[in-house]
Amino acid sequence: MELVQWNDRYLIGVKEIDAQHKYFVTLVNELHSKMQQHQIREIKTEIVPKLVDYVRKHFKDEERIMRRHNYPGLQEQIKAHQEILSNVNAIVNSNADAFPMAMKLMRLTTQWFLDHVLEHDLRLGKFLNSA
Numbered sequence: 001m002e003l004v005q006w007n008d009r010y011l012i013g014v015k016e017i018d019a020q021h022k023y024f025v026t027l028v029n030e031l032h033s034k035m036q037q038h039q040i041r042e043i044k045t046e047i048v049p050k051l052v053d054y055v056r057k058h059f060k061d062e063e064r065i066m067r068r069h070n071y072p073g074l075q076e077q078i079k080a081h082q083e084i085l086s087n088v089n090a091i092v093n094s095n096a097d098a099f100p101m102a103m104k105l106m107r108l109t110t111q112w113f114l115d116h117v118l119e120h121d122l123r124l125g126k127f128l129n130s131a
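In terms of the UniProt record's numbering, the sequence shown has 123 at position 123, counting the first letter as 1, and numbering is strictly consecutive.
It is possible that part of the hints are untrue.
[Said to hold, decoys possible] Below, simulated DMTMM-like cross-link-like pairs (lysine to aspartate or glutamate); rule was C-alpha separation at most 25 Å, straight line:
(1) Lys-60 <-> Asp-115
(2) Lys-44 <-> Glu-63
(3) Lys-126 <-> Asp-8
[Claimed, not checked] Using C-beta positions, here's what the derived DEER-type ranges look like:
(4) Tyr-54 <-> Glu-76: 30 to 38 Å
(5) Ala-131 <-> Glu-2: 13 to 21 Å
(6) Ile-40 <-> Glu-2: 40 to 48 Å
(7) Glu-76 <-> Ser-33: 19 to 27 Å
(8) Lys-50 <-> Glu-83: 19 to 27 Å
(9) Ile-78 <-> Phe-99: 41 to 49 Å
(10) Arg-68 <-> Leu-3: 28 to 36 Å
(11) Ser-130 <-> Ile-78: 19 to 27 Å
(12) Lys-50 <-> Asn-7: 33 to 41 Å
Simulated from the structure, these hints should not be mistaken for laboratory data. Here the structure is a predicted model, which is why all the values come from computation and not from measurement. Even for Gly, the Cβ is constructed at its ideal location relative to N, Cα and C.
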């Protein structure tokens, strides 16, 4: 069973960002699946690094788009991105065993995704689509 089911209410109307959000949901669900199967090695060496790298890439891409379009909420978004990355790094770099670390990471990134997309990114989408 998937942890996060994609819903079109997550669409912000920006093709590149929407595709990245969909892939993010896929990665979170992949992590969830590996955790259910207790595939600790894959969690630690494959899925967690892939998820963390993708979050970083997504933020860079999103900020690039915001800069290009002079988005007025850019600084607020950058601050939110830095905060989540700081929390992600703290979890990943902790001395916790792989399973508890992955559980914390999964909870954090899933909650962030649901909150951030439905609040901040939808505003970004409206701005970009009105230009």
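State, for the Cβ atoms of Ser-130 and Ile-78, whether the hinted interval 19 to 27 Å holds or is violated.
holds, 21 Å
Within 25 Å, alpha carbon to alpha carbon, are Lys-126 and Asp-8?
Holds, at about 15 Å.
Is 30 to 38 Å right for how far apart the beta carbons of Tyr-54 and Glu-76 are?
violated, 22 Å
With the threshold set at 25 Å, check whether the alpha-carbon distance from Lys-44 to Glu-63 stays at or below it.
Distance ~28 Å between Lys-44 and Glu-63 Cα, so the pair is violated.
Would you say the C-beta atoms of Ile-78 and Phe-99 sit inside 41 to 49 Å of each other?
violated, 32 Å
Honestly, do Arg-68 and Leu-3 meet the 28 to 36 Å range at C-beta?
Given about 33 Å between the Cβ atoms, the range holds.
Assess, step by step, whether the Cα of Lys-60 is no farther than 25 Å from the Cα of Asp-115, and give holds or violated.
Holds, at about 19 Å.
Could one say that the CB atoms of Lys-50 and Glu-83 fall in the range 19 to 27 Å?
Hint holds: Cβ distance 22 Å, inside 19 to 27 Å.
Range hint compliance [Cβ, Ile-40 to Glu-2, 40 to 48 Å]
violated, 21 Å
Taking the CB of Ala-131 and the CB of Glu-2, does the distance hold inside 13 to 21 Å?
About 34 Å separates the Cβ atoms of Ala-131 and Glu-2, which means 13 to 21 Å is violated.
Is 33 to 41 Å respected by the C-beta to C-beta distance linking Lys-50 and Asn-7?
Taking Cβ atoms as reference, Lys-50 and Asn-7 lie about 23 Å apart, which means the hint is violated.
Range agreement (Cβ of Ser-33 with Cβ of Glu-76, hint 19 to 27 Å):
For Glu-76 and Ser-33 the Cβ distance comes to about 34 Å; the hint is violated.
Checked against the numbered hints given earlier, this structure breaks hints 2, 4, 5, 6, 7, 9, 12; the rest are met.
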